[in-house]
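Trainee: Dock chain B against chain A, hints included.
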Amino acid sequence: MRAITVVRQFGEIVLAIGIAPLFAGWIAQCRAWLQNRSAPPLRQQYRMLRKLFLKDALLAPNASALFRLTPYILFATMVLAAAIIPSLATDLPFARAADSIALIGLFATARVFLSLAAMDVGTAFGTMGARREMMVGFLAEPALLMVLFNAFLLFGSTALPSLVDGYANHPSIIDPSVIFAAVAFVMVLLAENARIPIDNPATHLELTMIHEAMLLEYSARHLALVEWASSLKLFNYACIGFALFIPWGIATNGHDGVAALLISIAALILKLIVAGAALALIESLSAKLRIFRAPEYLAMAFLLAVLGLLVHLLLGAHSL
Amino acid sequence: MLLLVGVWPTLGLVGMLRPRGRMVARVLFPLGALTCLAVAALAGIFLARGAAAEVMVLPLGLPDLPFHLRLDALSGFFLLLLCVAGAGISTFSAGYFRSGEGTSPGLMGLEFHIFLASMAMVILADDAYAFMVAWETMALSSYFLVTSQHRIPEIRRAGFLYLLMAHVGAICILLSFGVLQGGSWHFTFDAMRASSVSLAPFWASTAFLLALLGFGVKAGMVPLHVWLPEAHPAAPSPVSAMMSALMLKTAVYGLLRVSFDLLRVRHWQWGVLVLVLGLFSGIYGAIFAAVQTDMKRLLAYSSIENIGIIFTGIGLAILFETAGLRLFAALALCAALVHSLNHALFKSLLFLTTGSVLHATSHRSLGKLGGLIRRMPWVAALALVGTLAIAGLPPLNGFVSEWLLLQAFLFTEQIPHAFVNMFVPLGAAVLALTAALAAYVMVKFYGVVFLGQPREPSLVEAHDANWLERIGLAWLALGCIAIGVVPQLALRPAGAVTGELLACRVNPTGSIWWIAPIAAKQASYSGLILLAGIFGVIGVTYLLVRRLAHGRMGRGAAWDCGYPWQTARMQDTAEGFGQPIRHMFGAFFKMERHLPAATDVAPRYRIRIEDRMWGAIYRPIAISTQWIAAQVGRLQGGSLSIYLMYSFFTLIALLVLVFVI
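As they're listed, the protein sequences go chains A and B. Mapping to the working numbering: the first sequence position 57 is 57, numbers consecutive. Mapping to the working numbering: the second sequence position 511 is 1511, numbers consecutive.
So that you can see chain A by itself, here it is in the shape it has in the complex (with noise of 0.2 Å):
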C-alpha cells in the first residue's frame, strides 16, 4: 500500500462529503429552471446545514437513544459507501473492505436504521413513512442486483474498482445489454434516492411523501446529519452509475501522475453536471405515481434488468 493511495483516498472522501451538498443543489437548480421557477444559489445546502448544526437540537420526550445515535450511523455509512466506490480513482485501499454487493448491503444498512428511528417516537406519519420507504427497498434491491449481474458477466468481477479497469482495458466494447441495465439503474436511482416518480424531496404533502415524513422528528443537528447523508447517497449512487456506465476518466490502476488526478476531478465534475441536468429533466418530466404503482415501477426496473441479463446469455456474448 503506497502512501499515495492512502492520500487519494482521504482525498476522495473529502470530496465526496463537501462536494455532495453540491450536486443536490445544483439539482434543485436545475429543476427550478426547468420549472420556470427562480433557482435558490448553490451554495443554499450550505447555509442550511449551517443554521440546522448552529441550532439548538430539540427531541420528542420519548426519543431513546437509538433516534439519537441514527443521525451519525447514516452519515458514517455513506462516507464509508464514498471510500469504496471508485469515484476518482481505482486504486484505493479501502475498496476491498466491500465489492458491490456488500455496498448494496451497507445502503440496506442505512435505510434500516433511519426505518426504525422513524419508528421510535411512535408518530403516525413516522411509522407510516418507515413502512413505505421498507417496502420501495426491498423492491429496489433485486433490480439493483441484476443490474451488477449484468457487470459480473461482462466482466467477471463485482468488485466496483476492477469493473472500472475491465471498461478501461476493453474500451470498445459494446454490449447491448448495459442499454437495458443503465435504464434500470436510472430507475432504481430515482426510487432510492426519494426523487420523483416514487417521493417528492420538495414536499411535505402528508400522504404522499416517504423520506421526509421519516425526518419529521428530526432538529437541528440531527436533521443536518441525515439531509448530508441523503445527499452523499445521491453522489454515491451517481458515482455508482458512473463507475458501472461510464467509467471514462477514472484513473485506473497504475495511472498515479499529477495529470490523471486532474483528468478524473475534471471528469467526474463534468459528470454531475450533465448528471444532474439529465436528472432534473426526468423528474420534471414525470409526475408522482401513486403509491401502490411503485411496485409496477420497480417491477419494471427488475424486468428489464433482467432482459438486459437475457440478451446477454442469449447473444452468446463471451465474459472478457
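For the record, the hints were derived by calculation from the structure and aren't laboratory data. Be aware that one or more of the hints could be misleading.
A partial selection of chain A residues facing chain B, derived with a Cβ cut-off under 10 Å [unchecked claim]:
(1) 50
(2) 56
(3) 65
(4) 79
(5) 80
(6) 140
(7) 145
(8) 213
(9) 216
(10) 310
Below, a sample of chain A positions facing chain B; criterion: calculated Cβ distance under 8 Å [said to hold, decoys possible]:
(11) 57
(12) 58
(13) 60
(14) 112
(15) 122
(16) 146
(17) 159
(18) 217
(19) 221
Owing to the predicted nature of the structure, the values given are computational and were not obtained by experimental measurement. Built from N, CA and C at the ideal position, the CB exists for glycine as well.
Mentor: Only chain B this time, still in chain A's reference frame:
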C-alpha cells in the same frame, strides 16, 4: 465426547429429585451450558486439527445391531453449531423456567436435556438404527416440551399436529434408509456408502426424494411447513429457540449426510428440485412473516424463510457438483453451512428475547406491545443485534452467508445445461427479494415490539430480563457480531466440511482481515474494516460536531406535522405494516376481510389470513382420509358372526394363494 453427551440426561435425572426446587435453575441448567461449551470446544478442536474421523461402537441397542457412532467434519460442524447456540439457550433457560407455569422446572429440565442429548446423538449416529432411535427420541422429547402447558386446547392441538408431521417425516426417512441399504441388509452408513455406488439411478433418486421429503418435513420446507407456525408459538420460548435454531438444523444435517455423503450426489435434477423448493420456501416464509401479528408466529415463518435460504445453497451446491464445478459447489455449500450456524445464533437470540418480553408483559400479540426499549434496555439492545443480523445487514453475520450465496449464484452461468444456466441467475433475484423482505419483516418486528409508544397502559410496568437471561442473550449476540466481523470463525469449520464432502475449500487467502472466496480481484468483503470504519467515522463526526457546533439539546412534544393529538393507537399496527405485502402478494394468501359499513354503530375491522397450503394440500388429505376411514368402518358390523366370516374367507383366500404359488 460421548461421556459429555451423557452428562445432559444425567443432569435432567438429577433435576427430577427435587423438580420444584431452586437447584434446577441455579445449578443444573448452568452445568448443562458448561457441558455445551465443553462439547463445542472439543468439536472446534477436532475441526481445526482436521483429523480423520473417529469411530466408536456402543454396546447398546439390539443384539447383533449395536449403535455405531462417528465424528467426522460434517458432524463436527453441526455439533459445534448445536453446542454454541445451546450454551446460550441453556444459560437463558436457567433464568427463565420457574415454578407455577405449567410443567415443573425439574421435568422441563429432564426433557430439555434429553432433547439436547438426542440431537447430539442424531448428529453422531453412524448407522440407520441409532439414527432413527435418536431421531424419534428427539421428536418425542420436543413434543413433550411443546405441550408443557397442555391444559390449553390450542397447545394440545399444535402438539398433535407436530407429532403427526414428525412421524410422517420419520417414515420417509426410514424408507429412504431402507432403499439405501440396497439389499445388503447392512444398516451402517459405511455399508450404505459402499452399496450406494451400485444403486440404480431410479433407486438412488427414490432414496434422495424420500430423504428430502422426510428431512424437509422436519426442516419446515414449504409445503411441509404447516406444523412450524403452530408448534413454535405454543412452546415456551427457550423450547421454540431450541426447535427453530437447533432441531431444524439436524434436518439440514440429515439431508447433507444422505445426499452428499451416502449418495454422493449424482443427478443435476436433484439440485434443481432442492433449489426451487428452497427459493420458494424462502419467499413464502418471508411473505407470510410480514403479515403475522403474533411475534412468535412471525419468527416461525422467518425460520421457514431461512431454511429456504439454506436449501437454496444446498441445491446450488448439488447443481455445481454434478456439473463438475467443484470450487463453486464448495462455495455454495459453505454458504449453506455458515447460514445454518448464523441462523442458529440469531434465531435463538430472537426467540429468547420474545420469552423475556412475554415474561415482562404477558403479551404475545404485536398489537399489544410497543415502546419496550425504554423499559427493557438490555433486551432491546441485544434484540437489535439479532434483528440486524437476521435482516442480513453488514457488518453482522447474516450478511456474510447471504453474500457468499450470492457470490455462488454469480457463477451459475457456467452450468453446462441450456435454460438452467439462464434461469438460475433469476434465483439470485428471488434470493435478494427474500433477503430484502426479511429486512422489512424485522423492521416490523423490532419497531412494533420495542419502539414507538406502548400500546397498552400495563406495559409501563414491564421489567428487564434477569441476569442469567441477559448472559444467555449476550452470548448469542456476541456470536452474531463475532462471525460477522471475523467470518473466518465460521468459514474455517465450514471449509473442513467442504474439504471432506467435496475435497475442495474456498477462501484461499486465509487472511482474517477479509474473505475473498474465489479471488480478491473478483470480490472481497471485510466486516472488520466496515465495522471499524463505521465506528471511526461516527467518532470523528461526533467530535467534530461537538467541537465546531455544540451539543445543546432540549425535549419537547413530538412534531408529527403539527397534529395536536397523538395517541398510541395512531401508530402503525402490525396489520398496517403488513398491508403493502398483502396488497402486492395477494395471490399467496387466503384472506377473509370484514370492513365496517358507514352505518355501523360499532365499526370493527377484522381480517383473517390463512396459509393457502392448508386448503390446497392438507384439508383434501384430511377429508379423504376420513372418508376412507368411514368406508373401512362399514366393514365393522359389530356382530361376532360377521367377524368370524371375515376370518374364514381370509383363511380360504390365503390357502388358495398358497396352493396357486
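Trainee: Return the numbers of the hints above that this structure violates; sort them in rising order.
Mentor: Hints that this structure does not satisfy do not exist here, as all of them hold.
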